[in-house]
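Novice: What follows is each chain in one-letter form.
2 protein chains.
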Amino acid sequence: MTNYKPVTEEVLEELRKAVGAEHVKNDAETLERYKTDEEPDAHYHHLPEVVVAPGSTEEVAAVMKIANKYLVPVTPRSAGTSVSCGAIPVFGGIVLLMERMNKIIKLDTDAMYMEVEAGALTSDIQAKANEAGLLYAGDPCSADSCMIGGNIATNAGGNKAVRYGTTRHQVYSIEVVTPTGEIAELGNRLKKCSTGYCLDQLVMGSEGTLGIITKATLKLLPLAPYRLDILAVFTEVQKAVDLVPALVKAGLNPTSVEFMDNGFVRAASDYAEQRLPHYEDGSYVIVTVETFNEDELDMKMEQLDEICTACGATDVVEADERVWKVRRSCLEGSKALSKVSTSDDLVVPIDKIAVCLNHLMEVSKQFDFECMCLAHAGDGNLHFNCLKMDMTDEEWEKQLAEFHKICYAYVYSLGGRLSGEHGIGAKKIDALAAYCDPVEMSIMKTIKRAMDPNNILNPGKLIRA
Amino acid sequence: MTNYKPVTEEVLEELRKAVGAEHVKNDAETLERYKTDEEPDAHYHHLPEVVVAPGSTEEVAAVMKIANKYLVPVTPRSAGTSVSCGAIPVFGGIVLLMERMNKIIKLDTDAMYMEVEAGALTSDIQAKANEAGLLYAGDPCSADSCMIGGNIATNAGGNKAVRYGTTRHQVYSIEVVTPTGEIAELGNRLKKCSTGYCLDQLVMGSEGTLGIITKATLKLLPLAPYRLDILAVFTEVQKAVDLVPALVKAGLNPTSVEFMDNGFVRAASDYAEQRLPHYEDGSYVIVTVETFNEDELDMKMEQLDEICTACGATDVVEADERVWKVRRSCLEGSKALSKVSTSDDLVVPIDKIAVCLNHLMEVSKQFDFECMCLAHAGDGNLHFNCLKMDMTDEEWEKQLAEFHKICYAYVYSLGGRLSGEHGIGAKKIDALAAYCDPVEMSIMKTIKRAMDPNNILNPGKLIRA
Numbered sequence: 121m122t123n124y125k126p127v128t129e130e131v132l133e134e135l136r137k138a139v140g141a142e143h144v145k146n147d148a149e150t151l152e153r154y155k156t157d158e159e160p161d162a163h164y165h166h167l168p169e170v171v172v173a174p175g176s177t178e179e180v181a182a183v184m185k186i187a188n189k190y191l192v193p194v195t196p197r198s199a200g201t202s203v204s205c206g207a208i209p210v211f212g213g214i215v216l217l218m219e220r221m222n223k224i225i226k227l228d229t230d231a232m233y234m235e236v237e238a239g240a241l242t243s244d245i246q247a248k249a250n251e252a253g254l255l256y257a258g259d260p261c262s263a264d265s266c267m268i269g270g271n272i273a274t275n276a277g278g279n280k281a282v283r284y285g286t287t288r289h290q291v292y293s294i295e296v297v298t299p300t301g302e303i304a305e306l307g308n309r310l311k312k313c314s315t316g317y318c319l320d321q322l323v324m325g326s327e328g329t330l331g332i333i334t335k336a337t338l339k340l341l342p343l344a345p346y347r348l349d350i351l352a353v354f355t356e357v358q359k360a361v362d363l364v365p366a367l368v369k370a371g372l373n374p375t376s377v378e379f380m381d382n383g384f385v386r387a388a389s390d391y392a393e394q395r396l397p398h399y400e401d402g403s404y405v406i407v408t409v410e411t412f413n414e415d416e417l418d419m420k421m422e423q424l425d426e427i428c429t430a431c432g433a434t435d436v437v438e439a440d441e442r443v444w445k446v447r448r449s450c451l452e453g454s455k456a457l458s459k460v461s462t463s464d465d466l467v468v469p470i471d472k473i474a475v476c477l478n479h480l481m482e483v484s485k486q487f488d489f490e491c492m493c494l495a496h497a498g499d500g501n502l503h504f505n506c507l508k509m510d511m512t513d514e515e516w517e518k519q520l521a522e523f524h525k526i527c528y529a530y531v532y533s534l535g536g537r538l539s540g541e542h543g544i545g546a547k548k549i550d551a552l553a554a555y556c557d558p559v560e561m562s563i564m565k566t567i568k569r570a571m572d573p574n575n576i577l578n579p580g581k582l583i584r585a
Numbered sequence: 121m122t123n124y125k126p127v128t129e130e131v132l133e134e135l136r137k138a139v140g141a142e143h144v145k146n147d148a149e150t151l152e153r154y155k156t157d158e159e160p161d162a163h164y165h166h167l168p169e170v171v172v173a174p175g176s177t178e179e180v181a182a183v184m185k186i187a188n189k190y191l192v193p194v195t196p197r198s199a200g201t202s203v204s205c206g207a208i209p210v211f212g213g214i215v216l217l218m219e220r221m222n223k224i225i226k227l228d229t230d231a232m233y234m235e236v237e238a239g240a241l242t243s244d245i246q247a248k249a250n251e252a253g254l255l256y257a258g259d260p261c262s263a264d265s266c267m268i269g270g271n272i273a274t275n276a277g278g279n280k281a282v283r284y285g286t287t288r289h290q291v292y293s294i295e296v297v298t299p300t301g302e303i304a305e306l307g308n309r310l311k312k313c314s315t316g317y318c319l320d321q322l323v324m325g326s327e328g329t330l331g332i333i334t335k336a337t338l339k340l341l342p343l344a345p346y347r348l349d350i351l352a353v354f355t356e357v358q359k360a361v362d363l364v365p366a367l368v369k370a371g372l373n374p375t376s377v378e379f380m381d382n383g384f385v386r387a388a389s390d391y392a393e394q395r396l397p398h399y400e401d402g403s404y405v406i407v408t409v410e411t412f413n414e415d416e417l418d419m420k421m422e423q424l425d426e427i428c429t430a431c432g433a434t435d436v437v438e439a440d441e442r443v444w445k446v447r448r449s450c451l452e453g454s455k456a457l458s459k460v461s462t463s464d465d466l467v468v469p470i471d472k473i474a475v476c477l478n479h480l481m482e483v484s485k486q487f488d489f490e491c492m493c494l495a496h497a498g499d500g501n502l503h504f505n506c507l508k509m510d511m512t513d514e515e516w517e518k519q520l521a522e523f524h525k526i527c528y529a530y531v532y533s534l535g536g537r538l539s540g541e542h543g544i545g546a547k548k549i550d551a552l553a554a555y556c557d558p559v560e561m562s563i564m565k566t567i568k569r570a571m572d573p574n575n576i577l578n579p580g581k582l583i584r585a
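Top to bottom, those sequences are chains W and C.
Mapping of the first sequence onto the numbering used here: residues 121 to 585, in sequence order.
Mapping of the second sequence onto the numbering used here: residues 121 to 585, in sequence order.
Watch out, some of these pointers could steer you wrong.
It does not matter which identical chain is used: a pair holds within one copy or between any two.
[As the list claims (entries may be wrong)] Calculated lysine to aspartate or glutamate pairs in the EDC-like style (CA-CA distance at most 20 Å, straight line): (1) Lys155 to Glu438; (2) Lys369 to Glu235; (3) Lys525 to Asp362; (4) Lys185 to Glu560; (5) Lys518 to Asp401; (6) Lys565 to Glu305; (7) Lys145 to Glu133; (8) Lys525 to Asp510; (9) Lys359 to Asp230; (10) Lys359 to Asp435; (11) Lys369 to Glu414; (12) Lys185 to Asp440; (13) Lys145 to Asp415; (14) Lys339 to Glu517; (15) Lys369 to Glu251.
Quick caveat, the hints were computed from the structure, so don't treat them as lab data.
Just chain W, with the same shape it has in the complex:
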């Protein structure tokens, strides 16, 4: 581990020169605010020594030069919506805020792209595209509060990934400040390219360990004007998850395929005060299909109905606002049952969803917590929520750790991975070290050391270099 140095008055002075004194804060209240992101557990919290808010790419680069000169670690932070401790300054030092760089720089409706700064709000980007009759297809569930830089750094997923891919597939190019403070433009606005290493994809999803994303050029798509949402109700979980591969094979190209097990159906329905069919024993699959003309929508609607029925759905109904109200109430519904809970973010191949779901729900019965499953089923991404209920802290932590250990080993045995969309951050760094292929891990460390020789940028995240 690098022998980091404290943030001295000398360092502060250089930072003030670089970004302006008003954007360098080290009062107790500010430091306190940035000791965590979405993580409520104080075990994971760490105070920064200073919080810096640069206003331009050049200022970000200047901060990185100073950090390397004085051996001070830097933790980049967009909106701080990470649920994997991705924005926590594990080794203190500088928290680097991207929030001042929040502009939408350019929207080109003809060429269908948008240039944005890293601190632009994801929902602003979506809205701006929609106003122009276009779609920005990245859609993490936290779109209203998260920023695009963080989305790209984590390769955020969301509801539409089954059709459009994750955030890394929505990006033409990124402007990046390297760990040593150089500025690079990686990627390009091309549909096809065999010119050099694919560095843009390397930096995207590296959770701010290989570079700070300062700007991005985003792909926009034609906005499909016709949309249909259906709710398929299943009384057997197995049949519900078997629907997914059937949809894929039919070439239906759904925009989203969301799954709620009966635990979530009941918790969310109770919270939303909304009873839908088979509240007592049903699992729900909500499918959204979007098309470019009405006839195509009608055709797909028929096809969808046939496939759901063939897969054993007991009810197939149009999903109106009541259904979405229930779907949106999942988190609150589970919180109403237990103040303390955790949500995991496992991902497996599509054909392993059923076996994974069944096995891990069965395993969970050995434990004292309640377990429920919510899935972006169309892309194999399973969120298992564990509810502490009335367990003691000690038992909860012990049993949860044991359950996670079983889950992770099992998911890897299926060809799955630890995170589908939340990232590794500081939270799963030890798990990744334990389950990752050792040669893959060694290549990751080789690249990190080569690109960040002082281990200055976001240390303690993803890998221990």
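Given chain W, put chain C in place with the hints provided.
Specialist: Then chain C, alone, in the frame of chain W:
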């Protein structure tokens, strides 16, 4: 540059032990055969010192260990169909043949993937998928003779990239032997993943400089049963290329959009002895649309007809076998006009195709060679063919170099790149050094040096580390 050592008898003996004596050849005839790939120009040729054909991943790894121990460079070679000198052993040493590793290991029709060895023929993979009612969407024009390992290493493109992306988008994971002889599985069979660095995409398209691809797990897609090909004839080039963004915006999602300028129309029609409308003054755009049901096809056909007409097409006809015969005769047609010719592989953003085509065709008139353009227009990939005709060797080389210089600078000024699908290889290594962003180049070199400290793997390609 690394101080490479010659392949001594001691090295040969170790190689024979590693892969079997019958798979280690250094007779003059064999060495002669592997001094080039598809490159006819003897300036680029280099003799290897030995040709080695491993039969397994472990043997590939053993060869890399030996190569590092004795400081002998290794040039991996699939089918040798590179047109950028990608398989030429620039520094001698070992040519490593992947042809013995040619098995299709597994086809899973339920989970829709195929596991193959790197030496499997691309057309065999396509055929095997089709037999099972599925599609492998990678489709380089050389599919009948090229191998999947080379496709992945070069990120090969082809006709279907506009709908499905290039080879890198068809791959779930790759087994790789690293430059230092370790074996790693990179990537995974997941639709979504935020677990570690995207090393699979880094190695794919690195043209064999960061790892030797030994196996791959390929994505298969549902095979669309309905297909329609239309030929749109334009008497104004500008209008022909304006069709492309119009198709994209309409959400038509064509499988391919191919463009031939009038030079190619005439050369190919003459060669194929087939006259189509506007032979004298027409540019052709061939559009293929595929759907999952017949009504959808009818709908899209109507839409397509409307869009082509609105864009100013003088004729819109169904593209039957005659049209494809002409399209397939492009290369032969141009060779019939001039024995010596070159084909370049530039790529620009979709909205820059028109301006790029017009400008470079105009520029080409200053030179004595003939210039014609063929384009995978749907993804901005322009092949400019220059025909030497009766120029002297000296004038041809001088003028061609000058034209390329203008082309490359211009393409970069539009946000384009040197290669859309052929790769950089040895042929464009100096051009890449000249036009690549210096920070991007320095990151590429940093990664290459870190992963291949002896610069053993495919030196003299893509970058000079």
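Novice: Hints first: check each against the structure and report whether it holds.
Specialist: Hints versus structure:
1. For the homomeric pair Lys155 and Glu438, neither the shortest alpha-carbon distance inside one copy (45 Å) nor that between copies (65 Å) is at most 20 Å.
2. In this assembly of identical chains, the alpha carbons of Lys369 and Glu235 lie at most 20 Å apart only when taken from different copies (19 Å versus 35 Å within one copy).
3. Within a single copy, Lys525 and Asp362 get their C-alpha atoms no closer than 27 Å, and across copies no closer than 56 Å, so neither meets the 20 Å cut-off.
4. Proximity of Lys185 to Glu560 under the C-alpha cut-off of 20 Å is restricted to the inter-copy arrangement: shortest distance 18 Å between copies versus 29 Å within a copy.
5. In this homomeric assembly, Lys518 and Asp401 never come within 20 Å of each other (Cα to Cα): the closest approach is 31 Å inside a single copy and 78 Å across copies.
6. In the homo-oligomer, the alpha carbons of Lys565 and Glu305 lie at most 20 Å apart only across protomers (16 Å), although the nearest pairing inside one protomer, at 23 Å, exceeds that limit.
7. When the C-alpha separation of Lys145 and Glu133 is checked against a cutoff of 20 Å, the pair qualifies only within one copy, where the shortest distance is 11 Å, while the shortest distance between copies is 66 Å.
8. For the identical chains of this complex, Lys525 and Asp510 are neighbours neither inside a copy (22 Å) nor across copies (73 Å), given an alpha-carbon limit of 20 Å.
9. In this assembly of identical chains, Lys359 and Asp230 lie within 20 Å of each other by CA distance solely across copies; the values are 16 Å between and 44 Å within a copy.
10. For the homomeric pair Lys359 and Asp435, the shortest alpha-carbon distance inside one copy (13 Å) is at most 20 Å, but the shortest distance between copies (51 Å) is not.
11. Proximity of Lys369 and Glu414 under a CA criterion of 20 Å is satisfied inter-copy only: 17 Å between copies versus 22 Å inside one chain copy.
12. In this assembly of identical chains, the alpha carbons of Lys185 and Asp440 never lie at most 20 Å apart, being 53 Å within a copy and 62 Å across copies at closest.
13. With identical chains, the CA atoms of Lys145 and Asp415 are never at most 20 Å apart, being 58 Å at best within one copy and 63 Å at best between copies.
14. Taking identical chains as interchangeable, the C-alpha atoms of Lys339 and Glu517 are never at most 20 Å apart, the minima being 43 Å within one chain and 40 Å between chains.
15. Only between protomers do Lys369 and Glu251 lie at most 20 Å apart by alpha-carbon distance; the minimum there is 15 Å, versus 33 Å within a single protomer.
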